[in-house]
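Chemist: Chain residues, written in single-letter form:
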Amino acid sequence: MKKVPYSVDAGLIGGAGLLIFICLAGVLAPWLAPHDPLAMDLSNRLSSPGWTYPFGTDHLGRCILSRIIYGIRISAVFAVLVMICTFLISLPVGLLTGYLRGRTDHLFMRFIDGMLAIPDIVLTIAIVGLLGPGFVNMAIAIILVRWANYVRFIRSLVLKVRKEDYILSARMSGNSHLRIMRRYILPEIFSPLAVFGALDTGKIVLAMAGLSFLGLGTQPPTPEWGIMLHDAAGYFQIAPHVMVFPGLAIMFFVFGCQLVSGRFSRRHTAAVKEV
Amino acid sequence: MLLELRDVSKEYPSRTRRMSLFKPNSGLKAVNGVNLAIRKGECVGLVGESGSGKSTLAKLMMNMEPVTSGQVLLKGQPIHERKRNNRKTYKQMQLVLQDSSSSLYPKMRVKEILEEPLRNYFPQEKAMWDARCAGLLELVDLDPSLLSRYPHQLSGGQKQRVCLAKALAVRPEIIILDESVASLDEPSQRAVLAMLKRIQKEQQLSLLFITHDVKSTRQLCDRVAIMYQGKLVETFSGRDCRQLQHPYSRLLFQAMPDESF
Numbered sequence: 001m002k003k004v005p006y007s008v009d010a011g012l013i014g015g016a017g018l019l020i021f022i023c024l025a026g027v028l029a030p031w032l033a034p035h036d037p038l039a040m041d042l043s044n045r046l047s048s049p050g051w052t053y054p055f056g057t058d059h060l061g062r063c064i065l066s067r068i069i070y071g072i073r074i075s076a077v078f079a080v081l082v083m084i085c086t087f088l089i090s091l092p093v094g095l096l097t098g099y100l101r102g103r104t105d106h107l108f109m110r111f112i113d114g115m116l117a118i119p120d121i122v123l124t125i126a127i128v129g130l131l132g133p134g135f136v137n138m139a140i141a142i143i144l145v146r147w148a149n150y151v152r153f154i155r156s157l158v159l160k161v162r163k164e165d166y167i168l169s170a171r172m173s174g175n176s177h178l179r180i181m182r183r184y185i186l187p188e189i190f191s192p193l194a195v196f197g198a199l200d201t202g203k204i205v206l207a208m209a210g211l212s213f214l215g216l217g218t219q220p221p222t223p224e225w226g227i228m229l230h231d232a233a234g235y236f237q238i239a240p241h242v243m244v245f246p247g248l249a250i251m252f253f254v255f256g257c258q259l260v261s262g263r264f265s266r267r268h269t270a271a272v273k274e275v
Numbered sequence: 001m002l003l004e005l006r007d008v009s010k011e012y013p014s015r016t017r018r019m020s021l022f023k024p025n026s027g028l029k030a031v032n033g034v035n036l037a038i039r040k041g042e043c044v045g046l047v048g049e050s051g052s053g054k055s056t057l058a059k060l061m062m063n064m065e066p067v068t069s070g071q072v073l074l075k076g077q078p079i080h081e082r083k084r085n086n087r088k089t090y091k092q093m094q095l096v097l098q099d100s101s102s103s104l105y106p107k108m109r110v111k112e113i114l115e116e117p118l119r120n121y122f123p124q125e126k127a128m129w130d131a132r133c134a135g136l137l138e139l140v141d142l143d144p145s146l147l148s149r150y151p152h153q154l155s156g157g158q159k160q161r162v163c164l165a166k167a168l169a170v171r172p173e174i175i176i177l178d179e180s181v182a183s184l185d186e187p188s189q190r191a192v193l194a195m196l197k198r199i200q201k202e203q204q205l206s207l208l209f210i211t212h213d214v215k216s217t218r219q220l221c222d223r224v225a226i227m228y229q230g231k232l233v234e235t236f237s238g239r240d241c242r243q244l245q246h247p248y249s250r251l252l253f254q255a256m257p258d259e260s261f
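Those protein sequences? They're chains A and B, same order as listed. FYI, the numbering for the first sequence is 1 to 275, going by my numbering. FYI, the numbering for the second sequence is 1 to 261, going by my numbering.
These are computed hints drawn from the structure, not numbers from a lab. Do not rely on the hints blindly, as some may be mistaken.
Example chain A residues on the side facing chain B (calculated, C-beta under 10 Å, incomplete) [as the list claims (entries may be wrong)]:
hint : residue
1    : Glu164
2    : Leu178
3    : Arg183
4    : Tyr184
5    : Gln219
When the alpha-carbon atoms are kept at most 30 Å apart in a straight line, the in silico DSBU-like pairs for lysine-lysine are as follows [to be verified]:
hint : chain 1 : residue 1 : chain 2 : residue 2
6    : B       : Lys215    : B       : Lys59
7    : B       : Lys197    : A       : Lys160
8    : B       : Lys88     : A       : Lys203
9    : B       : Lys231    : B       : Lys29
10   : B       : Lys111    : A       : Lys160
11   : B       : Lys231    : B       : Lys88
12   : B       : Lys231    : B       : Lys40
13   : B       : Lys107    : B       : Lys59
14   : B       : Lys83     : B       : Lys59
15   : B       : Lys111    : A       : Lys163
16   : B       : Lys88     : B       : Lys111
17   : B       : Lys201    : B       : Lys59
18   : B       : Lys59     : A       : Lys160
19   : B       : Lys215    : B       : Lys29
20   : A       : Lys160    : B       : Lys29
21   : A       : Lys163    : B       : Lys88
22   : A       : Lys163    : B       : Lys91
23   : A       : Lys160    : B       : Lys88
24   : B       : Lys107    : A       : Lys160
25   : B       : Lys91     : B       : Lys107
26   : A       : Lys163    : B       : Lys29
27   : A       : Lys163    : B       : Lys59
28   : B       : Lys231    : B       : Lys197
29   : A       : Lys163    : B       : Lys107
30   : B       : Lys83     : B       : Lys231
31   : B       : Lys91     : A       : Lys160
32   : A       : Lys163    : B       : Lys201
Glycine included, every Cβ here is placed at the ideal spot set by N, Cα and C.
Let the sequences and hints guide you as you build the complete structure.
Modeler: Rendered as structure tokens:
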């Protein structure tokens, strides 16, 4: 395989810069937020953006900018955590089913086929409905629904790699199955997994925002981007900024994830073409 | 007898719709009742056209695929059981594949590739690994300076030699070469075959040389077995191709420019 030189491009710099900026803003929230995100000021309800409140205030007079900055901690950071938890479940399952195959793989795949037959959002709502609304329950529901997608994806990558002659050759060199998975298969599937993970982090933020918007996720008064959209829905016609700014925050985060994953994806495709 | 195949058959299920989840359908017989024995220090050629079942037979010998019926015996011990720990088999028997480019892991240097079998089979000789790696490269007529290279930095012939060095690192008793020189140009083929002959003599190694090219067996093999449509139709140890009985074998050898074997 010919090595493809890794050139840094505008998309990667832009995407990574955007994500780093958002994450830093979340970490430095107590210093960056101009107001307390939970402090209400009913005399300043739905005020337009200005010097005191750069993004204006919501229907309870809370500073929208401060709520968006504190919302990063929930929306972005927890999206990454949800993704990591999903990977922790699906990576071993995908690796083992794809590598070892056999009857267990067959049964797992039929179970996953059954799960995937139900639309994601319907299943998530059903699970949150069973567990009860709340942030942790929402995260559990998203993990329970998404792990099947991840297992399918990881398994498909492993199936492709395990057919390679160097895996056969590695077996003959006396390597254990575990070492082959760690030393040969994981490095090969890492790049497409990074693409998938980066892209999916954006989707998880959207899913969390969607569930919070439906009242099933984060509960008021927690500053979270989805619940902010939910609260603002009733005032969109008289004060559009209340909905626009949280919407833009979600859009920029998802856009950053897309840019980074797109760059990884192009690099991976180029490497495959060069073989 | 070092390696013995007794009435070995392999049948693959057909691609038609399965009627049952757990029962395989009857299907294509890739290998059909093959009997073959290889003695210590002997080099046997296995010749046949594409699709005649040569590579399947190699996989059955290595227990990479389960046999449908029959026995594969290594030093009299059966090695074809499904639950067998193949590591013990690989210690005594190695397979060198046709495509050397895909057999070498592209993210490892030659040194790491050669160290893998040493680490797994000879962990107690850790202090010797570096010298062994260099020695293995010298054995296959390569310069030890190539140890720091990645596979994509080697030529086709060099890659094939590294694959062979990797197989030799295990110190096996038998090496199966599955079309291992087929992808090389003729001068490289001749050089690799001469090197194989030398190593075989030096190390009293048994070789099963699988090829579709009858000519290449001439330089290396003591005996040639001919496969046709999954069956071993003839085993031929003489130097005169007039001994051949089966019409396919005769056709195969008649196609050679020089008829004497």
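Chemist: Now tell me, hint by hint, if it's right for this structure.
Modeler: Verification of the hints:
{"no.": "1", "hint": "Glu164", "verdict": "holds (6 Å)"}
{"no.": "2", "hint": "Leu178", "verdict": "violated (12 Å)"}
{"no.": "3", "hint": "Arg183", "verdict": "holds (8 Å)"}
{"no.": "4", "hint": "Tyr184", "verdict": "holds (6 Å)"}
{"no.": "5", "hint": "Gln219", "verdict": "violated (46 Å)"}
{"no.": "6", "hint": "Lys215/B <-> Lys59/B", "verdict": "holds (24 Å)"}
{"no.": "7", "hint": "Lys197/B <-> Lys160/A", "verdict": "violated (36 Å)"}
{"no.": "8", "hint": "Lys88/B <-> Lys203/A", "verdict": "violated (48 Å)"}
{"no.": "9", "hint": "Lys231/B <-> Lys29/B", "verdict": "holds (10 Å)"}
{"no.": "10", "hint": "Lys111/B <-> Lys160/A", "verdict": "holds (26 Å)"}
{"no.": "11", "hint": "Lys231/B <-> Lys88/B", "verdict": "holds (28 Å)"}
{"no.": "12", "hint": "Lys231/B <-> Lys40/B", "verdict": "holds (24 Å)"}
{"no.": "13", "hint": "Lys107/B <-> Lys59/B", "verdict": "holds (26 Å)"}
{"no.": "14", "hint": "Lys83/B <-> Lys59/B", "verdict": "holds (16 Å)"}
{"no.": "15", "hint": "Lys111/B <-> Lys163/A", "verdict": "holds (24 Å)"}
{"no.": "16", "hint": "Lys88/B <-> Lys111/B", "verdict": "holds (24 Å)"}
{"no.": "17", "hint": "Lys201/B <-> Lys59/B", "verdict": "holds (25 Å)"}
{"no.": "18", "hint": "Lys59/B <-> Lys160/A", "verdict": "holds (19 Å)"}
{"no.": "19", "hint": "Lys215/B <-> Lys29/B", "verdict": "holds (28 Å)"}
{"no.": "20", "hint": "Lys160/A <-> Lys29/B", "verdict": "holds (26 Å)"}
{"no.": "21", "hint": "Lys163/A <-> Lys88/B", "verdict": "holds (22 Å)"}
{"no.": "22", "hint": "Lys163/A <-> Lys91/B", "verdict": "holds (22 Å)"}
{"no.": "23", "hint": "Lys160/A <-> Lys88/B", "verdict": "holds (27 Å)"}
{"no.": "24", "hint": "Lys107/B <-> Lys160/A", "verdict": "holds (17 Å)"}
{"no.": "25", "hint": "Lys91/B <-> Lys107/B", "verdict": "holds (24 Å)"}
{"no.": "26", "hint": "Lys163/A <-> Lys29/B", "verdict": "holds (22 Å)"}
{"no.": "27", "hint": "Lys163/A <-> Lys59/B", "verdict": "holds (14 Å)"}
{"no.": "28", "hint": "Lys231/B <-> Lys197/B", "verdict": "holds (27 Å)"}
{"no.": "29", "hint": "Lys163/A <-> Lys107/B", "verdict": "holds (17 Å)"}
{"no.": "30", "hint": "Lys83/B <-> Lys231/B", "verdict": "holds (27 Å)"}
{"no.": "31", "hint": "Lys91/B <-> Lys160/A", "verdict": "holds (27 Å)"}
{"no.": "32", "hint": "Lys163/A <-> Lys201/B", "verdict": "violated (34 Å)"}
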